[in-house]
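Protein sequence lines correspond, in order, to chains A and B. Under full-length UniProt numbering, the first residue of the first sequence carries the number 1, and numbering increases by one thereafter. Under full-length UniProt numbering, the first residue of the second sequence carries the number 1, and numbering increases by one thereafter.
Simulated from the structure, these hints should not be mistaken for lab results. Ideal Cβ positions, reconstructed from N, Cα and C, are used throughout, including at glycine. Fair warning: there could be bad hints in the mix.
Claimed, not checked - Which bits of chain B does chain A cover? Going by a derived footprint, with three or more residues having C-beta under 8 Å, they are:
1. 46-60
2. 64-75
Stated by the list, open to error - 25 Å max Cα-Cα, derived PhoX-like pairs, lysine-lysine:
3. B:88 x A:411
4. A:110 x A:120
5. A:88 x A:267
6. A:48 x A:261
7. A:169 x A:48
8. B:74 x A:407
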Amino acid sequence: MSQTMVIIGAGEAGVRAARTLRQHSPDIEIHLFERENGLPYERPPLSKSALLDEAFTRQLIISEEELTQLSIHYHSDTYVDELLPASKQVHLSNGQYLAFDKLLIATGAKARALPLLQQKGLDSHPLLFSLRSAADCQRIRAHALAGQHVVLVGAGFIGLELAASLRSKGLKVTVLESQARILQRAVPAPIAEVLAQAHADQGVDIRLNCQIEDIRLDHVVEVDLVGQTRLTADWLVVGIGAEPNIHLANQAGLALENGIKVTAAMKTSHPDIYAAGDVCNFPLSRYGTQVRLESWRCAQEQAEIAALNMLGHRAQYEQAPWFWSDQYDLGLQSVGLSINPVTRLERRYDERTRLYVELNEQQQILCACAIGPGNSVAKDIKVIERLINQNSTVDITTLGDVNVPLKSLLKRAKECA
Amino acid sequence: MSNWIEVCALDEIDEEDVVPFDHAGHTYAIYRCPEGDVFATSGLCTHERIHLADGLVMDDIIECPKHNGRFNYKNGQAQGAPVCEHLKTFATKIENDTIYIEVAP
Ligand SMILES: Cc1cc2nc3c(=O)[nH]c(=O)nc-3n(C[C@H](O)[C@H](O)[C@H](O)COP(=O)(O)OP(=O)(O)OC[C@H]3O[C@@H](n4cnc5c(N)ncnc54)[C@H](O)[C@@H]3O)c2cc1C
Ligand code: FES
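One chain only, chain B, in its complex shape:
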């Protein structure tokens, strides 16, 4: 069963940027890549549970604000020390210029 949740309007996230999104006690990070497509991962760094949305997006990479751990936000892959555990990713869709993510029901 799919469970699509409304996040925000598409133009509320700049290209090559990230915003935080909280839902039902979970925190997510919602990204737009330089080409404008939307991606979603869990919102906390796997190193010390820091909010990734304070980090910097460059191309396909989000760099954690705390100790600069890097993840590919398109597939969640941790790119090496200090982060080794991958990020969870979530499906996204855009309807009527609104972003939705699919979370576990």
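Same shape as in the complex, but just chain A:
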């Protein structure tokens, strides 16, 4: 009898897993469950082109034809509301049970709510917005009229991308950030500086070290800030990060630790249940650490590993994580993790085009983050990604010298290998 593979969540991870399963096994039965309506779609454009382009339509991850062709049973508008690990079944919102041989949890993450608004019972006020789904984006699009004033809480990637898009549409944008600079944890200071300058040049008002005392939502938004004058705005967006959707895993008693805890094989504490994408907390042996990320490419790479292991292969996730963000004409890319760096180095091509690299004691690159107009930094980041994944020792003088192409480091590493 053929095996039944069940995937919960049809985002980047879920769809990639389904594709990989089919690619390696023509006979298994694949069920992909998604609580949202419609076909699986890409999330990154929701804070970028979706807001700027009037004619924007969802960018699909997979088409109806391809789902049929790969005989993936896609169940949209179907919420998995319970996971029964002992009998290896899932319970669906339509009342049915389905038994699985292997299960992948790819439920992603949800926008974190602002505790203050929750306490005041204002979580679903019509003037309150967050951004995770196409429906959220649709709501924002419908409200984004030039001349309106919007207050954005949180200067993370999604918040800043949203700020850039809304500003470009002619809205007045104020961003409230509790930290001393934008992207404090995610991006090194010299790179964040370029972004902060771009926002300032465009007229976005970013308030740092900002403490919110109270928020009132009525016909308008009123925000009281400690030591500052009251802000009045037309609507409010909360962008203070995301929380993994661990509800099912928690109920099922799977090991959790800021997400579903998995091994490098993407296996949870249950031998037949795997997790991948934004929902999982995974080990990266290269860095000797366990992390949860929200990265489009990681979600897909992890799903591929999970799918292979569901089929009995022995694959491990070892890639240096990669991420990108677009704001105005600037493209940011980063690769690797900043874990115990010893050497820090900047390669500055010009004011707006910079690469920042961190290395360990052995002069191996740990991570890099770069920014520049368009995709100008992509080549450098790709070279660095390869240097990290090959554990190459690099020459620091070359790395810091903008007149020597980075690719020469790769060639040298190849010759040494």
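Dock chain B with the ligands against the given chain A, drawing on the hints supplied.
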């Protein structure tokens, strides 16, 4: 009928590298492989129409600068998600150290 267009001098492209080339409203990517031979494809990624010349050439592969879609630039073949549609390729020739590509008349 063939239509050969002059692109640039051979030494303007490094080995294992790529440059963009625009002609008559179309954009192309012109490559030199590690052995020095010249190839040409359409210049925009088939995923989101991003300029491939900002990407990285490694051996026979060009990696898109945006979401890392990969193509074999010698035959245009897309190597898998996120790219599924192949790139168009164009014939090239070198005369007097100058690169030419053949485009539709
Ligand atoms: C606005 C926005 C912009 C972004 N921009 C970038 C970017 O520029 N670069 C980058 O690298 N990353 C970006 N990301 C992050 C990237 O989109 C995520 O890392 C990626 O989507 C994670 O994929 P996933 O499959 O783990 O989760 P998701 O894509 O969130 O998919 C999870 C799916 O599971 C479904 N689901 C959850 N629970 C259940 C259940 N019980 N039953 C059925 N279905 C369920 C959800 O509805 C959802 O569709 C962005 C994210 C957002 C929201
Ligand atoms: S634009 Fe090339 S891979 Fe997406």
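Hints versus structure:
1. Check result for the region 46-60 of chain B against chain A: holds, 6 residues qualifying (beta carbon to beta carbon below 8 Å, three or more required).
2. Remark: the region 64-75 of chain B is confirmed as covered by chain A, as 4 of its residues place a Cβ nearer than 8 Å to a Cβ of that chain, reaching the required three.
3. Simply put, residue 88 of chain B and residue 411 of chain A have alpha-carbon atoms about 29 Å apart, too far for the 25 Å limit, and the pair is violated.
4. With a CA separation close to 20 Å, the supplied pair residue 110 of chain A and residue 120 of chain A stays within the 25 Å bound.
5. For the hint pairing residue 88 of chain A with residue 267 of chain A, the CA-to-CA distance comes to about 15 Å; that is within 25 Å, so the pair holds.
6. For the proposed pair residue 48 of chain A and residue 261 of chain A, the alpha carbon gap of about 31 Å is over 25 Å, so the pair is violated.
7. For the proposed pair residue 169 of chain A and residue 48 of chain A, the alpha carbon gap of about 11 Å is at most 25 Å, so the pair holds.
8. With a C-alpha separation of about 21 Å, the suggested pair residue 74 of chain B and residue 407 of chain A falls inside the 25 Å cut-off, and the hint holds.
In terms of the numbered hints stated before, the structure departs from hints 3, 6, listed from lowest to highest.
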